[in-house]
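Construct the entire structure; sequences and hints are all you get.
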Amino acid sequence: MSEMHLASHFDQLESTRKGFGRGLLKAGTLSSSVVAACADLTESTQMHLFAKEFPDRFIEIGVAEQNLVTVGSGLAAMGKVPFVSSYAAFSPGRNWEQIRTTICLNDRPVRIVGSHAGLSVGPDGATHQMLEDIALMRALPNMVVIAPCDSIEAEKATLALVTDPRPAYLRLARADSPIVTTEHTPFQIGKAYLMHEGADVTIISTGTMTAQALMAARSLFKDGVHADVLHVPTIKPLDTETILESAKKTRHVVTVEEAQINGGLGSAVAELLGEKLPTPMKRMGMNDRFGESGKPEELLEHFGLTAKHIALAAHHLMLDHTNHKH
Amino acid sequence: MLWVIILSNMAGTKKNYSLDALQKKANEIRIDIIKMLEHAGSGHSAGPLGLADIFTALYFQVMKNDPKNPDWEDRDILLLSNGHCVPVRYATMAHAGYFDKKELMTLRQFGSRLQGHPERLKLPGMETTSGPLGCGLSQACGMSLAMRMDKIHHRWVYVVMGDGEQDEGNVWEAAMLAAKYKLNNIIAITDRNNIQIDGPTETVMPLDDLKAKWEAFGWHVIDINGNDIEAVIEACDMAKAIVEKPVMIIAHTIPGKGVGFMEYDFHWHGSPPNHDQAVEALKELRTLGGKIRSEHE
Numbered sequence: 016m017s018e019m020h021l022a023s024h025f026d027q028l029e030s031t032r033k034g035f036g037r038g039l040l041k042a043g044t045l046s047s048s049v050v051a052a053c054a055d056l057t058e059s060t061q062m063h064l065f066a067k068e069f070p071d072r073f074i075e076i077g078v079a080e081q082n083l084v085t086v087g088s089g090l091a092a093m094g095k096v097p098f099v100s101s102y103a104a105f106s107p108g109r110n111w112e113q114i115r116t117t118i119c120l121n122d123r124p125v126r127i128v129g130s131h132a133g134l135s136v137g138p139d140g141a142t143h144q145m146l147e148d149i150a151l152m153r154a155l156p157n158m159v160v161i162a163p164c165d166s167i168e169a170e171k172a173t174l175a176l177v178t179d180p181r182p183a184y185l186r187l188a189r190a191d192s193p194i195v196t197t198e199h200t201p202f203q204i205g206k207a208y209l210m211h212e213g214a215d216v217t218i219i220s221t222g223t224m225t226a227q228a229l230m231a232a233r234s235l236f237k238d239g240v241h242a243d244v245l246h247v248p249t250i251k252p253l254d255t256e257t258i259l260e261s262a263k264k265t266r267h268v269v270t271v272e273e274a275q276i277n278g279g280l281g282s283a284v285a286e287l288l289g290e291k292l293p294t295p296m297k298r299m300g301m302n303d304r305f306g307e308s309g310k311p312e313e314l315l316e317h318f319g320l321t322a323k324h325i326a327l328a329a330h331h332l333m334l335d336h337t338n339h340k341h
Numbered sequence: 032m033l034w035v036i037i038l039s040n041m042a043g044t045k046k047n048y049s050l051d052a053l054q055k056k057a058n059e060i061r062i063d064i065i066k067m068l069e070h071a072g073s074g075h076s077a078g079p080l081g082l083a084d085i086f087t088a089l090y091f092q093v094m095k096n097d098p099k100n101p102d103w104e105d106r107d108i109l110l111l112s113n114g115h116c117v118p119v120r121y122a123t124m125a126h127a128g129y130f131d132k133k134e135l136m137t138l139r140q141f142g143s144r145l146q147g148h149p150e151r152l153k154l155p156g157m158e159t160t161s162g163p164l165g166c167g168l169s170q171a172c173g174m175s176l177a178m179r180m181d182k183i184h185h186r187w188v189y190v191v192m193g194d195g196e197q198d199e200g201n202v203w204e205a206a207m208l209a210a211k212y213k214l215n216n217i218i219a220i221t222d223r224n225n226i227q228i229d230g231p232t233e234t235v236m237p238l239d240d241l242k243a244k245w246e247a248f249g250w251h252v253i254d255i256n257g258n259d260i261e262a263v264i265e266a267c268d269m270a271k272a273i274v275e276k277p278v279m280i281i282a283h284t285i286p287g288k289g290v291g292f293m294e295y296d297f298h299w300h301g302s303p304p305n306h307d308q309a310v311e312a313l314k315e316l317r318t319l320g321g322k323i324r325s326e327h328e
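So the protein lines, in turn, are chains Y and S.
Numbers 16 to 341, taken from the working numbering, label the letters of the first sequence in order.
Numbers 32 to 328, taken from the working numbering, label the letters of the second sequence in order.
In short, the hints are calculated from the structure, not lab data.
One should not assume that every hint holds.
Unchecked claim - Listed below are the simulated DSS-like cross-link pairs for lysine-lysine, each with C-alpha atoms no more than 30 Å apart in a straight line:
1) S:Lys182 / Y:Lys67
2) S:Lys95 / S:Lys132
3) Y:Lys41 / S:Lys182
4) Y:Lys67 / S:Lys213
5) Y:Lys67 / S:Lys276
6) S:Lys99 / S:Lys66
7) S:Lys211 / Y:Lys41
Since we're looking at a predicted model, the values are computed, not measured.
Given below as structure tokens:
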């Protein structure tokens, strides 16, 4: 396991939904089977690029998320490769049972794209800040769950989903976030990636929190703490091997996600380590509460989801664990 | 009788069973439904009995299908949106030759392909997994849209729905979409038997004027007696001639049809007969079979 190729500076910003929009357009060019449907949020979810280029393969569903995913099941039944998008708060927020029965149990590979996930949707407030989607989707048999770290990875994930035969959930954010990968950074569904290497603590992150985790690792380095940063774009199926390898090395694990800590990435890692390799852990995310209106950066600061908070949590975990040993 | 009886099932061609033969087939299917449910000890009685005539018409006359090749790519598709009525589909499929009738007695048992609610992955020809209500029409929309993209115009998508399930908002989301895109190869059939678990539909949540509702949503609506096989066949033929709209056939049926003590009684929506009740039901159905024969001979 070695560190991978990343952007040298994290000063370029773009939202993950933008990467999805580009990826879908490319996918549509590469395969005539790719079709798209949206629930009255075509430009917001960046499906408008595809819709404009391939109007005959785009379906405007209207504000009807139950119908959105269930129509997707019917499209998949006929051999199409459907991407269906809305805000994550509504899909999978409102239509979980349709996803469960007509997509997962029925094994119809619909790609459910939940945009505007997490706190960083900002001023829209708690109703629109979807924080439970990872837990909802991760609980479903057959479902793949992906939260890309930046727009470049989002584009790669979109293209990878075209040829993956499983139902999938792609989690995207509205706000611009640092681009940390490059065109040359590898991406494969089901793989976790070591983005920063150290031996003292493992920071496991998903989605746009990976940029914060990497900045935290750089700050920790200055304090003499060497962190592994494992980016886990695929929360399900989890790359257990890579996570166990790092946890075995550092014996301290911090997880971070822009989602509820109950049922999300932190839970997945805790389940794994609890059974295979009990390890001191700190889960960072939303702590069983809802958000509120504000600028994305204000909210991330308020709810403790910045590089500074991650670095602090790593320090505390190591300190607590050292104290316990004496 | 001018009906030509061809008892072998000919894939892809118009099946020409006599009305008499179809009515007998529906009665045999009802007999199997009672046997299956009694043996299973749980399941829904009223809906499947009421739907036997519609399923007989669909599988033995209306639909293009091939029981020996259930995935045949030119087949018509039947989605059972009210999955709890699946005993009638299992029984009809067995009679049509999709699988051996002996398997019907495995309904709801551990290891059976005949799950309590239908699962596509368990049984070839089952088309989709259903049970949670209100989802069939949306899937039909997706299928119909995909066919249009692929310029396929010779396949029909049939959706059998309950009336109670139309309490679900998802149904009306799909209704709007089908009308918007003029999905004219969808033929939906509502089993209008006026009962649901908690009682009469008009008490639980009034649906009427159901015809006006569907028409207001942009559908062509045909009202029929859903226990009249000839009317079902005619309505499906008519539906195929309507090109500018999707079609809803409101099939008025008698819940528990054919078994006197079950007919019209909502308590039989979700219950199976016990042994004594099954014996009584079977006696009545077999006698009715004799009556039909005597009328047509």
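Against the structure, the hints come out as follows:
1. A C-alpha spacing of about 21 Å is found between lysine 182 of chain S and lysine 67 of chain Y, which places the hinted pair at or below 30 Å, so the restraint holds.
2. Between lysine 95 of chain S and lysine 132 of chain S the alpha-carbon distance is near 21 Å, which keeps this suggested pair within the 30 Å criterion.
3. Of the pairs offered as hints, the one joining lysine 41 of chain Y and lysine 182 of chain S holds, with about 23 Å between alpha carbons and a cut-off of 30 Å not exceeded.
4. The hinted pair formed by lysine 67 of chain Y and lysine 213 of chain S meets the criterion: a straight-line CA distance of about 21 Å does not exceed 30 Å.
5. With a C-alpha separation of about 26 Å, the suggested pairing of lysine 67 of chain Y with lysine 276 of chain S holds against the 30 Å cut-off.
6. Proximity of lysine 99 of chain S to lysine 66 of chain S is assessed by CA-CA distance (about 25 Å); at most 30 Å being required, the pair is judged to hold.
7. With a C-alpha separation of about 28 Å, the suggested pair lysine 211 of chain S and lysine 41 of chain Y falls inside the 30 Å cut-off, and the hint holds.
Comparing the model with each numbered hint stated earlier shows that all of them hold.
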